[in-house]
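J.: Okay, here's what each chain looks like letter by letter:
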Amino acid sequence: MMGEDDFSPDVVKRFLFVNRKAPYGTVYALESLEIVLVSAAFDQDVSVVFADDGVFQLKKGQDTAGINMKNFSPTFRALDGYDVEKLYVEKESLEARGLTEDDLVIDVEVLSSEELSRIMAAQDVVISN
Amino acid sequence: MMGEDDFSPDVVKRFLFVNRKAPYGTVYALESLEIVLVSAAFDQDVSVVFADDGVFQLKKGQDTAGINMKNFSPTFRALDGYDVEKLYVEKESLEARGLTEDDLVIDVEVLSSEELSRIMAAQDVVISN
Amino acid sequence: MLHTVNKSPLDRNVLDSCLRLAARGSAILLIEDGVYGALAGGQAAPKIGGRMGDFRFYVLGPDLAARGLDDAALVDGVKVVDYGGFVDLAAERKAHQAWL
Amino acid sequence: MLHTVNKSPLDRNVLDSCLRLAARGSAILLIEDGVYGALAGGQAAPKIGGRMGDFRFYVLGPDLAARGLDDAALVDGVKVVDYGGFVDLAAERKAHQAWL
Amino acid sequence: MKFGILVNEGPFTHQASDSAYQFAKAAIGKGHEVIRVFFYHDGVNNANKLSEPQSDDRNLVKLWSELAEQHNVDLVVCVAAALRRGIKDEILAPGFRISGLGQLIEAGIIGDRLVTFGD
Amino acid sequence: MKFGILVNEGPFTHQASDSAYQFAKAAIGKGHEVIRVFFYHDGVNNANKLSEPQSDDRNLVKLWSELAEQHNVDLVVCVAAALRRGIKDEILAPGFRISGLGQLIEAGIIGDRLVTFGD
Chain A
1 MMGEDDFSPD
11 VVKRFLFVNR
21 KAPYGTVYAL
31 ESLEIVLVSA
41 AFDQDVSVVF
51 ADDGVFQLKK
61 GQDTAGINMK
71 NFSPTFRALD
81 GYDVEKLYVE
91 KESLEARGLT
101 EDDLVIDVEV
111 LSSEELSRIM
121 AAQDVVISN
Chain B
130 MMGEDDFSPD
140 VVKRFLFVNR
150 KAPYGTVYAL
160 ESLEIVLVSA
170 AFDQDVSVVF
180 ADDGVFQLKK
190 GQDTAGINMK
200 NFSPTFRALD
210 GYDVEKLYVE
220 KESLEARGLT
230 EDDLVIDVEV
240 LSSEELSRIM
250 AAQDVVISN
Chain C
259 MLHTVNKSPL
269 DRNVLDSCLR
279 LAARGSAILL
289 IEDGVYGALA
299 GGQAAPKIGG
309 RMGDFRFYVL
319 GPDLAARGLD
329 DAALVDGVKV
339 VDYGGFVDLA
349 AERKAHQAWL
Chain D
359 MLHTVNKSPL
369 DRNVLDSCLR
379 LAARGSAILL
389 IEDGVYGALA
399 GGQAAPKIGG
409 RMGDFRFYVL
419 GPDLAARGLD
429 DAALVDGVKV
439 VDYGGFVDLA
449 AERKAHQAWL
Chain E
459 MKFGILVNEG
469 PFTHQASDSA
479 YQFAKAAIGK
489 GHEVIRVFFY
499 HDGVNNANKL
509 SEPQSDDRNL
519 VKLWSELAEQ
529 HNVDLVVCVA
539 AALRRGIKDE
549 ILAPGFRISG
559 LGQLIEAGII
569 GDRLVTFGD
Chain F
578 MKFGILVNEG
588 PFTHQASDSA
598 YQFAKAAIGK
608 GHEVIRVFFY
618 HDGVNNANKL
628 SEPQSDDRNL
638 VKLWSELAEQ
648 HNVDLVVCVA
658 AALRRGIKDE
668 ILAPGFRISG
678 LGQLIEAGII
688 GDRLVTFGD
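Protein chains in written order, with the working numbering: chain A, 1 to 129; chain B, 130 to 258; chain C, 259 to 358; chain D, 359 to 458; chain E, 459 to 577; chain F, 578 to 696.
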């Protein structure tokens, strides 16, 4: 069995990470971000989608001192340094929550459900939680 | 600290167990039933409510062989022997799921949301999951 | 009775169940992901706004702040409390029901 | 693409999200508590019934049987499969997306 | 006032244990008594002493143990739920004890309030 | 065809691990290969060898171990998720190994399909 350090794949697959859950109420958002960061080392074609309550993960101004948990929203800003640049947010999900692009901690591409649907359908591997 | 065997309370409180989750997809229904059975030994005034997807717990004809889990629905029939007799089902929840009283494994009292609301408000201790 | 709701109303239907089955006069406290229900700009706002006459609504401040909603506009009449306020509500009311 | 939905449509809104974001032509398989969505008599029936032209709908038989729904009327056009059928769908379709 | 607390989820995955801990601390801070915290369902995982969070993260298992020690809070793990999930004496954190579901009902009877945290 | 499987929940509380196991068995029965099952989030709790279900209940930890032995399935528990949840070598069931998240990505690359089970 190869360790991840020895593994240098010849194939490039399209990996999609789907974030549909709010942060802090459950750990899925944080632990999903950990997968995205690791995936960056594998030279694959990585996309990340935020839809439904997952858009709340990107909300500016998170301050977790009062609940004694780690604020992981700054880590999204590190994605760029990992060359993870295909970040998509569903427009309909933002609107249903009264949010706009200006409320988010990072630059993302805001797409309609229909546009997003086409991107999601073109993936080879989908990881959701 | 007293063990449960030594404990004989003088007070009688109204205990309400609220079942709102479907069986098998999660273990809450089964483990909640285990609490109800134990509570019967404490001579308290016990009521059990089934609402929302919790009404599916009582659906007749469950056969879990194909998912390799234990069918616990027959245990509801044992409640009577434990003198747990106040079993309430919300009418609106049954209707939304296309079910009637005849679909259920035990005799229950079917109540409207409003009637149920009054019973639930009168409780001393509410245990839900 | 004190009711707590800890789920987002855009993800689950549990706020609806609470509003349907809680007795008039109850206190309803939104905690954890339930705090999203208090947003004036969210789709669920009318659900709470429309029942102001029936219930007293509270939202847990530390959970709002964690989610970056400290300064967000809340549905009119929703009161922000901290964990101490949560304890006070639990003590004042006869019993607690968690809508999970 | 094969999509699986494992939550009851009366408890969570995830079936709606799947139906909104899945591409036309996809297969949608209801498993675990998701099988309640296939009931012809349930409130969610029109959601699936109305999209028969866009998707192929399947429901996992062992999960139906476990829940006492083996003989229940299903939404017209929903096909029952077993775990082997689930494997076949996953193999036929290019990728799997779990709506959780 | 005497509070009993029911925790239905483990640490990390759901906020339930965090919220319960903050509630317990606030209650004690206001002069109330927390007579018992009962851990049921996946809540039994809060008693796993092998839990080792990252250094900049909170350690809920340790926080519960400390609360038990400092304020004499009775931390009870349900034996049936714990057995099937593999929480046994050999990995039980300090301050927790394993006992039956009757301890939950008893907390409801002798306490003034039972407050529940779950998923 | 080569299947990878991702399991995001522990045994008992959610059906995810049961469904994943049934899927794996069916895939192998049809002549497919299950190259790896990766356990993430609370899924790491499937590797706790102390788990002791009631005698008339299925034992998922044991079922996974047996599947690994009989069909050479690689059962990988995420080290980061396991550490914080207290799943360590001393309580690791046979057939499981602890490794990094890269093993999940690798399964996605070398497998033909990745199938996910969660809550």
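Be aware that one or more of the hints could be misleading.
Lysine-lysine pairs mimicking DSSO-like chemistry, simulated, CA-CA at most 27 Å apart [said to hold, decoys possible]:
no., chain 1, residue 1, chain 2, residue 2
1, C, Lys305, C, Lys352
2, F, Lys665, E, Lys546
3, F, Lys607, A, Lys13
4, D, Lys452, B, Lys189
5, C, Lys337, E, Lys520
6, A, Lys59, A, Lys70
7, E, Lys546, E, Lys488
8, D, Lys405, A, Lys91
9, C, Lys352, C, Lys337
10, B, Lys215, B, Lys189
11, A, Lys59, C, Lys305
12, E, Lys520, F, Lys607
13, E, Lys483, C, Lys352
14, F, Lys665, D, Lys437
15, C, Lys352, A, Lys91
16, F, Lys579, D, Lys437
17, F, Lys602, D, Lys452
18, D, Lys452, D, Lys405
19, C, Lys305, D, Lys405
Here are some chain C residues the structure puts well away from chain B; computed CB gaps all over 12 Å [what the hints assert, rightly or not]:
no., residue
20, Gly283
21, Ala302
22, Asp329
23, Lys337
24, Asp346
25, Leu347
26, Ala349
27, Leu358
No lab work stands behind these hints: they were computed from the structure.
Beta carbons are placed, not taken as given, at the ideal position from N, Cα and C, and that holds for glycine.
J.: It remains to establish, for every hint, whether it holds in the given structure.
T.: Comparing the hints with the structure gives:
1. With a CA separation close to 25 Å, the supplied pair Lys305(C) and Lys352(C) stays within the 27 Å bound.
2. Distance hint between Lys665(F) and Lys546(E) is fulfilled; the C-alpha atoms sit about 14 Å from each other, no more than 27 Å.
3. Pair hint Lys607(F) plus Lys13(A) holds up; C-alpha atoms about 26 Å apart against a cutoff of 27 Å.
4. For the given pair, Lys452(D) sits about 38 Å from Lys189(B) by alpha-carbon distance, which is inconsistent with the 27 Å threshold.
5. For the suggested pair Lys337(C) and Lys520(E), the alpha carbons sit about 33 Å apart, so the restraint of at most 27 Å is broken.
6. A hinted pair counts as satisfied when its Cα atoms are at most 27 Å apart, and Lys59(A) with Lys70(A) qualifies at roughly 15 Å.
7. Taking the CA atoms of Lys546(E) and Lys488(E), the gap is near 34 Å; set against the 27 Å cutoff, the hint is violated.
8. A C-alpha spacing of about 22 Å is found between Lys405(D) and Lys91(A), which places the hinted pair at or below 27 Å, so the restraint holds.
9. With a C-alpha separation of about 20 Å, the suggested pairing of Lys352(C) with Lys337(C) holds against the 27 Å cut-off.
10. Using a Cα cut-off of 27 Å, the hinted pair Lys215(B) and Lys189(B) holds, with the two alpha carbons roughly 20 Å apart.
11. Under the criterion of a C-alpha separation no larger than 27 Å, the hint pairing Lys59(A) with Lys305(C) is consistent with the structure, at around 23 Å.
12. Annotation: proposed proximity of Lys520(E) to Lys607(F) is violated, straight-line Cα distance about 47 Å (limit 27 Å).
13. Among the hinted pairs, Lys483(E) with Lys352(C) is consistent with the structure: their alpha-carbon atoms are about 21 Å apart, no more than 27 Å.
14. Restraint check for Lys665(F) and Lys437(D): not satisfied, since their Cα atoms lie roughly 43 Å apart, outside the 27 Å limit.
15. A threshold of 27 Å between alpha carbons decides the hint, and for Lys352(C) with Lys91(A) the separation of about 44 Å lies outside it, so the pair is violated.
16. At most 27 Å may separate the alpha-carbon atoms for a hinted pair to count; Lys579(F) and Lys437(D) meet this at roughly 26 Å.
17. Simply put, Lys602(F) and Lys452(D) have alpha-carbon atoms about 21 Å apart, close enough for the 27 Å limit, and the pair holds.
18. Distance restraint check for Lys452(D) and Lys405(D): the Cα-Cα separation of roughly 25 Å lies within the 27 Å cut-off, and the hinted pair is therefore satisfied.
19. Distance restraint check for Lys305(C) and Lys405(D): the Cα-Cα separation of roughly 23 Å lies within the 27 Å cut-off, and the hinted pair is therefore satisfied.
20. The claim that Gly283(C) lies off the interface is violated: its Cβ sits roughly 9 Å from the closest Cβ of chain B, which falls inside the 12 Å cut-off.
21. Against chain B, the non-interface label of Ala302(C) holds: every CB pair exceeds 12 Å, the least being about 17 Å.
22. With a least CB separation of 33 Å from chain B, Asp329(C) remains clear of the 12 Å interface cut-off, as annotated.
23. For Lys337(C), the shortest C-beta to C-beta distance to chain B comes to about 21 Å, beyond the 12 Å cut-off, and the non-interface label holds.
24. Distance to chain B confirms Asp346(C) as a non-interface residue, since its nearest Cβ pair spans about 19 Å, more than 12 Å.
25. Every C-beta of chain B lies more than 12 Å from that of Leu347(C), the closest at about 15 Å, which supports listing it as non-interface.
26. A cut-off of 12 Å between C-beta atoms confirms that Ala349(C) is not in contact with chain B; the least separation is 14 Å.
27. Consistency note on Leu358(C): stated as away from chain B, yet its beta-carbon is not over 12 Å from all of that chain's, at 6 Å minimum.
Of the numbered hints given earlier, the model fails hints 4, 5, 7, 12, 14, 15, 20 and 27; all others are met.
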